[in-house]
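J.: Residue numbers (my numbering), protein chains in the order written: chain A, 1 to 236; chain B, 1 to 44; chain C, 1 to 253.
Hints were generated in silico from the structure; no laboratory data involved. Quick reminder that beta carbons are idealized off the backbone N, C-alpha and C, glycines included. Hints should not be assumed to be uniformly reliable.
Quick look at which bits of chain A chain C covers, simulated, 3 or more residues with Cβ under 8 Å [what the hints assert, rightly or not]:
1) 138-150
2) 153-167
Cβ pair distances, simulated, as ranges [as the list claims (entries may be wrong)]:
3) A:227 x C:109: 34 to 40 Å
4) C:230 x B:25: 42 to 48 Å
5) A:8 x C:118: 44 to 50 Å
6) C:230 x B:26: 47 to 53 Å
7) B:26 x C:112: 24 to 30 Å
8) A:227 x C:42: 48 to 54 Å
9) A:112 x C:74: 47 to 53 Å
10) A:230 x C:241: 55 to 61 Å
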Amino acid sequence: MKARDIAMLTLDVIAGVAVLIALYMALVWVPDAANLISPDEKVAQHIFYLHMGMNVDAGLGFLVTLIGSVLYLLTRRRIWDMIAVSSAELGVVFATAVLATGSLWARPTWNTWWTWDPRLTTAAIVWLIYIAYLMLRGALEGAEQRARFSAVYGIFAFLSVPLTFMSIRWWRTIHPTVFSGSNPGAQGGFSLGPHIRLTLFVSMIAFALMYAALMAHRVRLEQDAQAVQELKEQLL
Amino acid sequence: MTYLAGAFAVAWLLTFALVISMIQRQRRLEQEIAALREILEKQR
Amino acid sequence: MSESGRVTARARTDNSPHEWNAQTTRVSPAKSYLRKVLAITWKDVISELRTREIFSAMFVFALLCVFIFQFAFDLQAENTRVLVPGVLWVTIVFSGVLGLNRSFVLEADKGCLDGLLLAPVDRSAIYFGKMLGNLIFMSVVELIILPLFMILFNLPLWHPGILVVIFLGTLGFSAVGTLFSAMAVNTRTREIMLPILLFPVILPVLIAGVRMTGGFLDGTALAEMQNWARLLVGFDIIFLAIALMTFDYVVEE
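If we strip away everything but chain A, and leave its shape as in the complex, we get (with noise of 0.2 Å):
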């Protein structure tokens, strides 16, 4: 076994364990919040931690995405194509699992699927941007030009999200706000005790750690598929 095979193993033990540390808080361990009142708005609440630790893996998987973007454009240097089409596959996988989590978490607190609230709208902009931005490197032929295109669009992508964000907020707003200032208008909010505080913050950490664990076999699978064109190369 190499180093590297070994880092990636510890890594998902590591990554492993905090994930089923954090579903157990999420799941068991953890009160139900104290303002909720009907059955079906108390245990749905559990969803979010699961529901904001996905969110923090498409977060990271989008910002990686325009970090790698900006540092191929930069050095031209493979590598960093190959984080950011990585990451935006992981952050496109994790986004959709955020809509979904959010829209089975909304159904019994919101009493809908879907509003057109700001922060809904923009998360699936979000998620229809960086679908465009993989198949935008589908249609593309030539590894340089394929990385030099979507370097590009992965910068205008990411910088769209708070425009976007803010001229979809400038509706009204009944997505909960959990974490800063008060909303009167929404709905579902949830004081958070020192309980529910902990078990945000755990699962928030297990799923990045999640993320980075996806994110090394991710890059070896890139990498892996570059050793093969370059074999295949050699062969010609």
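With chain A's structure known, arrange chains B and C on it following the hints.
T.: Using the frame of chain A, we list chains B and C on its own:
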């Protein structure tokens, strides 16, 4: 309860689908690398 | 592309403008730059004046949009004030994409882009030139469909505020669209790729445009729509700057 189970099922199904697809792709690439190396060896 | 090829391409663009400037003396750098930009725009305008390919397609498509929306939404006197801003902007965006697609397809098909890149001009001048061309085509179409909207839906759309909003929106649209169009022509799917890349990124412009157009129709004061105005101007500035910085990477070949 249904919603909680549903949310966890969807989220983890997606995650495992990703992991499984990654494992498959990895395996295929490793096979391909091995095959190509073999051909290169024979050529020499 | 190989490393050495890229280096020579860089060297070419870096050195040549200076030589060119040296020959055409007594012209300030800013003026000569502007002249190059306008030359590229003018080239597009002239070829368009000869063929009228892009313009007629955009215009007919915009007209069709109006009719399709009319049948889809049954735009009556009571609801036009609410719906028409949206219809107007969707028409602008859709016909704009049509024009943007042609913008680089023509260049790429006839090998003109290579010629342009060989010319002793800065890459950013090429970007500005193409962008300005697209802006002009879209503006001309808008200037024709706007009175048409006024007649068909009986709304006071010829409002200075609305004209400015449409200009700012079109500027942001063509700033991003020109860059993405240069990328999309190189993809396998070409025309199909551009809207998929462009629409999600351009969304803030669309929202701000619809909101402000609706606001001006309702007689809302500009002071109440300051946030939208700032968003629109901010989008234009930010994305024009990034497009300018990244255009080099898109056309380097």
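J.: Each hint needs a verdict: does it hold in this structure or not?
T.: So, going through the hints one by one against the coordinates:
1. 138-150: This one holds; 7 residues, not fewer than the three required, reach chain C with a Cβ under 8 Å.
2. 153-167: It holds, with 10 qualifying residues against the three required.
3. A:227 x C:109: 34 to 40 Å: 36 Å, holds
4. C:230 x B:25: 42 to 48 Å: Because 46 Å falls inside the window, the suggested range holds.
5. A:8 x C:118: 44 to 50 Å: 48 Å, holds
6. C:230 x B:26: 47 to 53 Å: For residue 26 (chain B) against residue 230 (chain C), whose Cβ atoms are near 48 Å apart, the range 47 to 53 Å holds.
7. B:26 x C:112: 24 to 30 Å: 44 Å, violated
8. A:227 x C:42: 48 to 54 Å: Given range 48 to 54 Å: holds, Cβ gap about 50 Å.
9. A:112 x C:74: 47 to 53 Å: At 27 Å between Cβs, range violated.
10. A:230 x C:241: 55 to 61 Å: 38 Å, violated
In summary, the structure is inconsistent with hints 7, 9 and 10 from the numbered list given earlier, while agreeing with the others.
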